[in-house]
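Enquirer: If you want the building blocks of each chain, they are given just below.
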Amino acid sequence: MQEVLYQLFGPNPELREIIGLTLVMSVLSTVISAAIGIPLGTWLGLTAFKGKKTWLKVNSTLMGLPPVLVGLLVFLLLSHSGPLGKLSLLFSLPAMVIAQVILISPIITGMTANLIALNANAINETCLGLGIRPGKKLVLVLQDFKRDYLLNILAGFGRSIAEVGAVQMVGGNIQYKTRVMTTAIMMETNMGQFEKALALGLVLLVIAFVVNFAVQSIRPRISND
Amino acid sequence: MRKLFLFLLMGVLLIAASGCQAQEVKKPIRMSTTTSVNDSGLMAYLQPEFEKETGYKLEITSAGTGAAIKKGETGDADILLVHAKSSEEAFIAQGFEEVRVPFMYNFFVIVGPADDPAGVKGSATAADAFKAIAAKGATFVTRGDKSGTNTAELKIWKDAGLAPDPATDTWYKNIGAGMGQALNTASELQAYTISDKATYLANKGNLEILLEDVADMKNTYSLIAISTKRFAETNIKGAEVFIDWIKTEKARDLIAKFGVDKYSQALFFNPD
Numbered sequence: 001m002q003e004v005l006y007q008l009f010g011p012n013p014e015l016r017e018i019i020g021l022t023l024v025m026s027v028l029s030t031v032i033s034a035a036i037g038i039p040l041g042t043w044l045g046l047t048a049f050k051g052k053k054t055w056l057k058v059n060s061t062l063m064g065l066p067p068v069l070v071g072l073l074v075f076l077l078l079s080h081s082g083p084l085g086k087l088s089l090l091f092s093l094p095a096m097v098i099a100q101v102i103l104i105s106p107i108i109t110g111m112t113a114n115l116i117a118l119n120a121n122a123i124n125e126t127c128l129g130l131g132i133r134p135g136k137k138l139v140l141v142l143q144d145f146k147r148d149y150l151l152n153i154l155a156g157f158g159r160s161i162a163e164v165g166a167v168q169m170v171g172g173n174i175q176y177k178t179r180v181m182t183t184a185i186m187m188e189t190n191m192g193q194f195e196k197a198l199a200l201g202l203v204l205l206v207i208a209f210v211v212n213f214a215v216q217s218i219r220p221r222i223s224n225d
Numbered sequence: 226m227r228k229l230f231l232f233l234l235m236g237v238l239l240i241a242a243s244g245c246q247a248q249e250v251k252k253p254i255r256m257s258t259t260t261s262v263n264d265s266g267l268m269a270y271l272q273p274e275f276e277k278e279t280g281y282k283l284e285i286t287s288a289g290t291g292a293a294i295k296k297g298e299t300g301d302a303d304i305l306l307v308h309a310k311s312s313e314e315a316f317i318a319q320g321f322e323e324v325r326v327p328f329m330y331n332f333f334v335i336v337g338p339a340d341d342p343a344g345v346k347g348s349a350t351a352a353d354a355f356k357a358i359a360a361k362g363a364t365f366v367t368r369g370d371k372s373g374t375n376t377a378e379l380k381i382w383k384d385a386g387l388a389p390d391p392a393t394d395t396w397y398k399n400i401g402a403g404m405g406q407a408l409n410t411a412s413e414l415q416a417y418t419i420s421d422k423a424t425y426l427a428n429k430g431n432l433e434i435l436l437e438d439v440a441d442m443k444n445t446y447s448l449i450a451i452s453t454k455r456f457a458e459t460n461i462k463g464a465e466v467f468i469d470w471i472k473t474e475k476a477r478d479l480i481a482k483f484g485v486d487k488y489s490q491a492l493f494f495n496p497d
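Taken in sequence, the protein lines are chains A and B.
The numbering of the first sequence is this note's numbering, which starts it at 1 and goes up by one.
The numbering of the second sequence is this note's numbering, which starts it at 226 and goes up by one.
Since the hints were made in silico from the structure, they are not lab data.
All C-beta atoms, glycine included, are put in the ideal place defined by N, C-alpha and C.
Heads up, some of the hints might be wrong.
What the hints assert, rightly or not - Listed next, the in silico DSSO-like pairs over lysine-lysine satisfying Cα-Cα at most 30 Å (straight line):
#1 196/A x 454/B
#2 177/A x 472/B
#3 252/B x 380/B
#4 177/A x 454/B
#5 472/B x 86/A
#6 86/A x 361/B
#7 196/A x 310/B
#8 137/A x 487/B
#9 196/A x 380/B
As the list claims (entries may be wrong) - Quick list of the computed label-pair ranges, beta carbon to beta carbon:
#10 315/B x 2/A: 16 to 24 Å
#11 151/A x 487/B: 35 to 43 Å
#12 57/A x 495/B: 41 to 49 Å
#13 84/A x 495/B: 18 to 26 Å
#14 250/B x 62/A: 27 to 35 Å
#15 314/B x 195/A: 40 to 48 Å
#16 5/A x 318/B: 40 to 48 Å
#17 250/B x 215/A: 47 to 55 Å
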């Protein structure tokens, strides 16, 4: 623990850079996934159409996608012998974000669809009574449910920051480039440095706690406006 | 009904008791090995033969040498199969070892892109090859996981009078991972790396052997039986049975033949 505290506050910026990269990766992945999942989930929750049940079932399966499988698929996709190899994205931050978006957007979509479906009748009736157009309805719902959305987004963030299988495979755990907290913990464990791994795990837990605390504390302000 | 129940209970207890006895006679041997030995498939090849002949069961876990040795320190292994002299000696100095025997050896190879941008081919020693890579600033993947291969790599850099730093030398990529992943990464980045030959042959990717069979790349594996002085429950008997078995003609023959049918060359060599 002492060693980790020294690395955290000492002159060597490596651990701070790892934490920074972890946050950049998780926030980017979560924001992109939310941009996909919130509108899609809201639309799925509000609208009745043929094949909706199948769509929801597929989505709930995707919510449980094994990270190693996603990691493998993205690896093969971005590999130099793969279809997108020309982009040279493997072992980079964008590769990690791509894998995470595939993992997280179904979660946000599914949770949002579920949340909105529970209130769909009331919303649809009110909008019908007031003569609100469907496009406008979506905007109103997005505004009205923002604090509930926030919890869904946080669930996605939690998955993102804690995920190790996919980011290890497509990020490659390259020091000073793609090493994040979870892959660093894995590495220390594999080296038999259990104390350091544990201390890094605690640091990760604290980061997750701080982010959740900060985001949740802005909720009352949102709900008042 | 009650009688029947008692009868059944006694039966179950008897079976359980006899099971325990059998276990006490031949407790499974917990072997902690390095990834290179396991990834090459050698242990999976030897295990059924050993189990058939001795009646012992082997439970193999694999990790980098650092972690593999750690399992000996925490009492989670009966026998270690590792290949990093300096870490082994530190381990032995702490009094964990009961017996240590040199097991087998092979050679590390330097692999890299076929066009060999740094001109590693034909170097007299691994140290010379590393000098050429550094001079060119050609991408090099280091495992950085304190494994036996990583320890050997660092020693070669030292012999070359160099100390590449991943923080400033961007061509030197530290990935903190096992051999298989290091080879995958090097293949993708078209980078150089150092590997044990067996793992490389099992996972070539887009890499070629550019340097081998030079004296400073000999790779010796050791077996270390964990002392019961540190952990009373250690299966020292099983560990010694394995050590004895590995010295038999049969086992030596199996090791010498390993991989020959697939790669037309031996991957591991018995000590003289």
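Enquirer: Which constraints among the numbered hints does this structure fail? Numbers only, ascending.
Expert: 2, 3, 4, 5, 8, 11, 12, 13, 14, 15, 16 and 17
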